[in-house]
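Novice: Residues per chain, in single letters:
Protein chains: 2
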Amino acid sequence: MHNQEELILLGHGSGGRLSHDLIKNIMVSAFANPLLAELHDGARFSIGGTKLAFTTDSYVVKPRFFPGGDIGKLAVCGTVNDLAMCGARPFYLSAGFILEEGLPIAELKKIVESMRAAAQDAGVAIVTGDTKVVERGAVDGIYINTAGIGAILPQADITASRVKPGQVVIVSGYLGDHAIAVMSERHGLTLPAQIISDCAPLNGLIQELLTEVPAISMLRDPTRGGLATTLNEIAADAGVGIVLEESSLPVRPEVAAVCELLGFEPLYLANEGKVVVFVEREYSEKVLKIMYRHQVSSTARIIGTVSDKAAGMVALKTTVGGLRLLDMLSGEQLPRIC
Amino acid sequence: MHNQEELILLGHGSGGRLSHDLIKNIMVSAFANPLLAELHDGARFSIGGTKLAFTTDSYVVKPRFFPGGDIGKLAVCGTVNDLAMCGARPFYLSAGFILEEGLPIAELKKIVESMRAAAQDAGVAIVTGDTKVVERGAVDGIYINTAGIGAILPQADITASRVKPGQVVIVSGYLGDHAIAVMSERHGLTLPAQIISDCAPLNGLIQELLTEVPAISMLRDPTRGGLATTLNEIAADAGVGIVLEESSLPVRPEVAAVCELLGFEPLYLANEGKVVVFVEREYSEKVLKIMYRHQVSSTARIIGTVSDKAAGMVALKTTVGGLRLLDMLSGEQLPRIC
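Residue numbers (UniProt numbering), protein chains in the order written: chain L, 1 to 338; chain C, 1 to 338.
The shape of chain L in the complex, shown without the other chains:
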């Protein structure tokens, strides 16, 4: 019998277990270097004594326009946020466009205008770029890659090894809005209340947090794979357990309703304007106070704690008192969400 040829599956792009394994076994093992092996939201290094962060993401969201944003806004905010999660102040972005022959130029203009507005909002400049055009059918309208450079804030020391038992886990707001907004638009669902993507730049918030609370040990934006996958990665990297309180998890009732109807799990849904913060309990009030001052995090709350038990695992304390293990996302929940 021949070996069955292994093929790329949609799940390899989910941000969950399959993505993780593909990247580890193929990219990280080939490009072998300590910066990449960190598997953080970006790489951190020094050039000429300046501490920098560097990150990239490609955006293939479908549809290109959705409630609360479009592919252009997403492409800027996503990369700005990844730099912020490295403890960096974002400065410069690149923009690489892959356009499909036949794309209306008016639509490109609209997307570029969204990028301009988001860059202005985040205080970054798009300074270099590239435009490729492929024949009809060889790309779905437009894909955008952005890469970004930022300067690590002197106060920042964001690393999983600083996550310790006793620290609390704070999330900046409602979970799953982005995924449900995109999904509803894609499938033309009529929902009782319109759900709007949370897509937003978080660098202003993060800069204030890190300046005022250097005790913050870890930051991460729960995008593809959702909160559960992000926390699993951190639990594994830090060698700690994480226990979430189900009753504390912020999910809008309308998002919960859609999830129940369609069988989605909000903890695995992508967010594009949320941050998870780890900090000693004594600083949690200070963190929340700062968060309440920013619109992007006005509904922040403590959702769990770091434990010295069950290292590498994430557990959910359910409202009925049980304890449920939350694994990384396996397979694919919603393709092309960002």
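Hints may be right or wrong, so weigh each one.
As the list claims (entries may be wrong) - Here are the simulated DSS-like pairs of lysine-lysine, each with C-alpha atoms no more than 25 angstroms apart in a straight line: (1) C:LYS51 / L:LYS51; (2) L:LYS109 / C:LYS24; (3) C:LYS62 / C:LYS109; (4) C:LYS109 / L:LYS24; (5) C:LYS62 / C:LYS164; (6) L:LYS164 / L:LYS286; (7) L:LYS110 / C:LYS62; (8) L:LYS24 / C:LYS110; (9) L:LYS62 / L:LYS110.
In short, the hints are calculated from the structure, not lab data.
With chain L's structure known, arrange chain C on it following the hints.
Specialist: Just chain C, lined up with the frame of chain L:
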């Protein structure tokens, strides 16, 4: 009458006139900032007193494997070379993959291995990345974006404003090999002699050139749009004329033969391992001597001079003594060449 809706054409990705106008009118005008407006191969700026270069390119070459390289090698060399053209020593690259569902993983591995080898050859590290998967038909197998960061060499002052009448134009070797190699593979042409892409990292050569000959005023790699388009951009930016000697232009006889057969013009064909150097005539021997020591530039030669006449234009002195104006590439010669 309604306005006809303007659509993206393949020619908008050619690297020629249409690309130039699209980028200028849509991207540069929206993202308005002086770094982007330079329209160099990359942006140059300082962070914390360190002078950096930053660049990006997406790669959509078809087919993915061709004589002399593949999309992975191209994605590393292209970005390394763009940094070198900024007068920078390349340090770090990002890699963003967009994969089609169903792509054989063995093929991805092969491409990633090419990237590893090319990065090692160029002395750079791939330190951050992203992987997206889209459903069958939404991308043509694999597209790769790379962005890169380098440190500007202290001796380097690469800018069109230093290009002055009397300087000579040197090209590092044969023109058009990459485009013809890809095109032949794409269309299954059987050529009398196999033509191999020139895809190669140039940063070693450039670093030596800039260290030994700081008088070098301008560097550019004539990729999409070819030598003629590159020189038109420089002539316009510098406000000078450029006169090429047709008899000096290095084109392999087998490339010239394919071009004649199919109606291509070698001066508009993409190169992926060539550099054009501008320097005062007194330093040209020194530049050539260094070039001859590197395999990538062992057939370098002087191909023309900078003139104070016909500012902004490029002319070709033909072998029969005439003078022919060379415009930028208009429309599309060979789509998806890189």
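Novice: For each hint, tell me whether it holds in the structure or not.
Specialist: Comparing the hints with the structure gives:
A hinted pair counts as satisfied when its Cα atoms are at most 25 angstroms apart, and C:LYS51 with L:LYS51 qualifies at roughly 13 angstroms. With a C-alpha separation of about 12 angstroms, the suggested pair L:LYS109 and C:LYS24 falls inside the 25 angstroms cut-off, and the hint holds. Distance hint between C:LYS62 and C:LYS109 is fulfilled; the C-alpha atoms sit about 18 angstroms from each other, no more than 25 angstroms. The suggested pairing of C:LYS109 with L:LYS24 holds, with an alpha-carbon distance near 12 angstroms, which does not exceed 25 angstroms.
About 39 angstroms separates the Cα atoms of C:LYS62 and C:LYS164, which puts this hinted pair outside 25 angstroms; it is violated. Pair hint L:LYS164 plus L:LYS286 holds up; C-alpha atoms about 19 angstroms apart against a cutoff of 25 angstroms. For the hint linking L:LYS110 to C:LYS62, the alpha-carbon distance of about 29 angstroms lies beyond 25 angstroms, and the restraint is violated. Restraint check: the Cα-Cα separation between L:LYS24 and C:LYS110 comes to about 16 angstroms, which is no more than 25 angstroms; the hinted pair holds.
Using a Cα cut-off of 25 angstroms, the hinted pair L:LYS62 and L:LYS110 holds, with the two alpha carbons roughly 16 angstroms apart.
Hint check: violations occur at hints 5 and 7; the rest are consistent with the structure.
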